[in-house]
Amino acid sequence: MRNAIRIGLLLAPGVGLVLAFMGAVLYRAVAQAFGLYDFSGTSDGLSLAHWQDVLTTKRFWRAFQWSAYIAASSAVIAVALAYPIALWLRKPFRGSLILSAMLKAPLLVPGLVAAFLLVNVISYHGFVNEFLVWAGVWAEPRRMQNDSNGFAIIGLQVWKQMPFAFLLLSGAVQAIPDPVLNAAQDLGAGKFARFRKIILPLTTKAMQAALVLIFIGAAGDFSFQTVAGPPSVNSMASYMASLQGSEGDWNGAAVVAVMLMALSLFGAIGLTALVQLITRTLGRLA
Amino acid sequence: MARLVAEDIAVRFGTFEALRGVDLTAESGSFVTLLGPSGCGKTTLLNVIAGFLQPSRGRLAVDGKDITALPPEARDSAMCFQSYALFPHLSVADNIAFGPRQKRVARDETVRRVDGLVRQLGLVDHAGKLPNALSGGQQQRVALARALAVAPGLVLFDEPLSNLDAKLRDQVRNEIRALQRDVGFTAIYVTHDQAEALALSDMVCLMNKGVIEQKGAPRDIYFRPRTRFVADFIGAANLHRGKLCGGAMSTPLGVLHCCHEDGEDVEICWRPEAARLGGDLSGTVKAVAFQGAHVDVFVSAGPETVRLQVPGELNVSIGDTLQFSVPPEGVIALEASANA
Amino acid sequence: MRKSPFNTILSGLLIAVMTVWLAVPFGMALLWSLVDPSQAWSYPDILPPKLSFERWSLMWDSTSLPIAMFNSYSLAPMAGVGAVLLAMPTAYAFGRLEFKGKAVWQTLVLVPLIMPGFVTAIFFASLLFSMGFFARYPAILVGHVVMLLPYAVRILSVSFSLVRQDVVNAARDLGASPISVFRVAYLPVLKPGIFAAFLIVFILSIEEFALAFVVGSPDFTTIPTILYSYLGYNFIRPNAAVVALILVVPNVILMLILERLLQSANPAGISGKG
Amino acid sequence: MLRKLMTTTLACALMAGPAIAYDLTEMSWDEIVDEAKAEGELTWYVWYFQPEFRQAVKPFEEQYGIIVNIPDVSSGDDALNKVLAEAGRETGDIDIIALGGQAGNRIDVEAVFLGPILPLLPEADRLSDEAEGVNWQGYGVKYWGNQTGMAYDANRVDPETLPQTLADLEAWIEANPYQLGFNYENGGSGPSFIHNVARNVLGITPDSVVDEVPDLVSVYDWFNSREDKFGITASNADSLTRLNSGEFLIVPAWEDMLFGLIRKNEVGDHIEFYIPEWGMNGGGNVIAIPKNAPRKAAALLFAAWLTSAETQTALNGVFGSAPANTAADDSNALVPNDQRANSRVWSAPLSDRDVVPGFIENVVQD
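Chains as they are written, first to last, in UniProt numbering: chain E, 1 to 286; chain R, 1 to 340; chain B, 1 to 274; chain D, 1 to 366.
FYI, nobody ran anything at the bench for these hints, they're computed from the structure.
Watch out, some of these pointers could steer you wrong.
Unchecked claim - With a straight-line Cα cutoff of 20 Å, these simulated PhoX-like cross-link-like pairs (lysine-lysine) come out: (1) E:Lys91 with E:Lys104; (2) R:Lys103 with E:Lys191; (3) B:Lys50 with D:Lys264; (4) E:Lys191 with E:Lys91; (5) D:Lys58 with D:Lys291; (6) D:Lys291 with D:Lys264.
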């Protein structure tokens with residue numbers, strides 16, 4: 001009993017504070033989504049009216065789909081790029097140190113600055129357009145800022161998040177001892193068999209963690225969307241900020257917040273399950 | 001079963017020569033140990049045989065077929081690793097079944113082999129567990145079973161017992177030897193423990209600085225070491241260097257006799273247990289260590305100290321003068337070492 | 001180690017590509033920031049007509065850049081110290097004690113990392129609003145401390161677990177007071193962890209945008225919010241270039257220091273996954 | 001624990017702020033000036049041109065020895081939200097705030113602001129409390145007039161061929177696909193364009209009377225049938241930045257904003273401006289003093305200075321804004337006076353609020 005109190009006291013300023021704060025924030029979001037704490041003062045009681053208001057707009061559903069699309073593509077591409085590089089750099093060789101340092105460089109650049117730098121380069125008469133037109137690849141400059149596929153944002157997300165995926169994955173890949181791989185090879189496993197039967201299952205957790213963290217980060221993105229995204233569509237975060245900021249609709253913003261958290265949760269579960277499935281399937285192949 | 005022939009194997013790492021032209025033949029069904037201090041090249045040679053390292057020179061053949069260029073997965077060998085290298089995400093049974101599945105052994109044959117090995121190695125209760133849940137000795141057995149499951153002609157052991165405690169080590173060592181006889185594979189076994197090597201092997205290859213100093217049956221190696229290195233590494237040896245004239249060398253202890261041709265600068269050695277009490281060699285007792293069945297006695301004369309092993313009943317004290325002799329057949333003349 | 005020409009060629013190629021990948025955007029930004037205020041750079045000029053540092057001094061003098069830098073660089077160290085101090089007891093419990101539900105608590109402390117930043121920011125602001133709390137500076141400070149606490153807890157837990165019990169016992173055996181025990185047995189091992197935790201909270205606080213933007217709205221500026229104002233709403237390319245460059249340089253230097261400090265640490269240990 | 005900590009801090013903060021007890025309406029102007037000088041500084045919330053305004057208020061600071069703090073305010077909406085959020089607070093942060101004229105529709109001005117202040121100002125008879133068609137009942141005083149219009153690249157567009165009517169515009173878009181860009185949020189220039197095109201499509205003229213919002217399908221169709229022939233931009237500033245860099249030939253813009261950018265060479269002087277015959281909205285900003293302003297006298301003195309004929313003339317010179325003081329000189333502007341006839345109001349007939357949200361939902365998101 002005394003011990004439990006002691007542990008409690010030790011945890012209070014750390015975990016306790018975090019849980020109190022995040023719990024209050026979470027409760028606030030859910031409560032406001034269901035009509036409580038209505039600052040406009042029109043109605044203050046449980047209601048689904050705000051869900052009705054938000055969920056019937058095209059703007060919300062486009063934002064929802066857009067964020068889901070951007071988050072899923074960014075997570076998958078970032079991991080798909082980071083994974084082979086982490087495997088390749090598993091053992092050091094000449095130049096591999098410089099390379100992994102350069103791979104981590106985007107961690108140094110704040111996201112907003114990265115977005116600005118990119119917009120600068122891909123603008124209508126920016127470097128890329130001028131260069132490709134000069135080189136004769138494109139007949140005329142292209143409007144990459146208004147790209148409805150969101151390639152610029154996905155590119156930025158991948159650029160910013162790949163180092164993170166790389167750190168997680170290379171940690172996991174490097175933790176596989178050489179003898180284990182040698183043993184597999186010795187027992188007749190070729191390169192691909194070693195990958196799918198040993199490396200993949202042993203790095204599944206790291207891969208899931210990387211995918212989930214990137215997905216959640218990208219689903220909640222605001223800065224890339226507002227600086228480099230196509231202006232005709234919102235991300236969940238920018239829609240939420242616009243509802244709360246420009247229109248003073250806190251309750252509508254709360255509905256979007258709850259949906260964003262749901263998107264993060266289900267996206268995370270989906271990606272985790274997908275990785276599990278792929279690992280299993282590949283492992284079962286004879 | 002397989003007969004392995006390695007010819008003139010050399011391996012270079014940058015400017016460092018890890019192996020400098022090694023020849024080795026392991027007869028079908030024999031147990032060959034690669035013995036030597038760390039850095040002698042024994043593990044390098046094992047990795048060349050397994051295929052993890054490409055030799056910069058030389059060739060390997062199994063049953064007359066050249067395998068030098070084959071990747072490890074295509075060779076008819078299986079390795080037991082020092083760290084066991086079990087697959088942490090697979091159960092014991094799946095670990096054992098890994099090799100047969102890779103080699104596309106029929107499903108029921110795989111099951112049969114796994115069952116057999118699990119039973120043979122006393123792992124029946126553990127087949128469904130993950131490796132982390134097992135003790136060191138059990139893990140070692142799983143590693144062994146996993147290697148044997150591919151029914152290899154050649155099993156390679158990389159210091160498999162070095163992570164076990166002394167008692168378990170003896171037990172597993174005997175099991176390995178028994179299995180090897182039962183199953184009938186050719187074994188190449190790397191160790192730095194000379195007792196292990198002597199106890200297990202049909203042939204011991206003692207390696208030093210990238211070459212095989214001497215190979216032969218354990219008795220051969222022990223009783224007829226060819227070089228000072230071999231004499232020193234295997235068991236204990238008393239060494240003397242000097243002029244051999246008429247089969248006799250004079251040392252501070254007295255005159256030693258030896259059945260060897262004369263020479264100006266000859267090195268001879270004898271084993272502590274070759275000494276007999278009483279005779280014309282003598283020295284002062286410097287230290288005594290009672291070992292039960294025998295006593296180790298350290299005797300000095302002038303600058304030299306030798307070690308004698310005498311029956312346990314003998315009661316000597318420090319400061320006594322001890323008279324002893326060494327029969328000429330117990331004294332061996334050594335060649336200059338290849339690496340001297 | 002076998003030398004493979006494939007590795008050499010591929011890594012050389014990648015290094016070259018990444019240099020271009022970094023050099024072109026920063027070069028463009030630098031060029032834009034040097035556009036002299038006396039002559040505009042507009043289509044179809046390929047290069048700016050006149051270059052000078054005029055715009056840099058203009059931006060520094062006439063914007064609230066100095067205030068934003070003051071805010072960010074005073075918030076960050078306080079958030080760092082606050083997070084480290086608050087994380088200590090929890091990290092001690094995680095690193096040195098065994099108790100029921102430890103794994104659950106260790107996961108729960110990571111909640112701020114997976115909560116979308118704008119959700120935390122907007123509904124924290126909503127709470128403040130209801131409470132009638134208008135002091136933005138302390139509000140943002142508290143927000144940063146809580147949001148970044150998980151990092152400090154993770155890093156310090158690892159540090160605490162590295163403290164050797166035999167050294168602690170030896171110190172107590174020799175009659176040291178609790179303070180001396182802490183100084184002799186704990187502090188030397190904790191020091192790098194404390195420093196790393198402080199620095200990572202410092203850097204992330206400087207980079208934090210959502211909370212500072214929403215809670216600080218409309219006029220409390222930090223480095224990221226002023227960046228957003230110049231890169232987003234009031235996007236004028238040459239000015240944006242100046243602000244971006246002024247703000248990115250100290251960040252890079254800090255991150256390089258952190259990289260040195262964390263080199264030995266396992267990244268998976270810090271992020272808590274993998 | 002957190003809540004407790006915060007309420008304690010709040011209590012301390014409240015006790016520290018002394019309530020200022022004086023009534024501006026009962027003081028003579030000289031007394032107000034003296035009180036203002038005693039207060040020594042003030043905070044002005046204005047959401048645009050902050051760097052320029054910091055320069056522009058120097059004469060005031062020198063004349064009265066009162067320091068003017070102009071924080072970087074993120075947007076007009078955010079500033080308005082702050083005023084509303086903090087209306088219940090005893091002492092606020094804001095002494096005086098600039099607001100778009102239409103904000104008067106969203107606020108109960110009597111509840112939030114001090115006043116009426118218009119009659120207190122020395123030059124009251126040359127000033128107005130009406131902006132963007134909204135009457136501020138003396139609680140807000142217009143200090144800034146501006147105009148939306150179309151900015152174009154004069155190097156590449158012949159002024160003779162500029163579209164003037166809706167039909168011209170249709171033909172121009174057909175002839176110059178993807179050379180028109182406009183924003184729908186983050187600034188009013190694009191919404192002004194959308195609003196006025198809608199009015200033209202619906203056949204609403206300035207003197208029409210609209211009792212209820214008509215069906216806007218024809219408006220959405222007009223835009224949707226041309227959706228691959230114009231570009232959506234992110235903000236007022238983004239439109240001009242992309243016009244300057246050659247991506248577009250014509251974009252809606254604010255006259256004062258463009259003027260400022262050209263003056264500082266952030267945009268080249270080949271970018272010119274006109275108000276088309278299809279009409280573009282004129283804007284007007286007011287200043288108002290929140291009821292809980294900590295330095296009311298200084299705020300009022302500043303309001304008087306800002307709206308004075310002298311200052312208004314100077315602002316016209318620096319920003320090209322339309323003076324709000326009838327005695328001021330308005331010779332600096334980007335458009336000739338005859339084009340001012342094409343200026344329209346935001347609220348009537350048919351308010352932009354009835355058009356733009358539908359546009360976002362049915363055109364942008366479609």
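Practice problem: Tell me, in ascending order, the numbers of any earlier hints that this structure violates. | Solution: Failing hints, ascending: 5 and 6.
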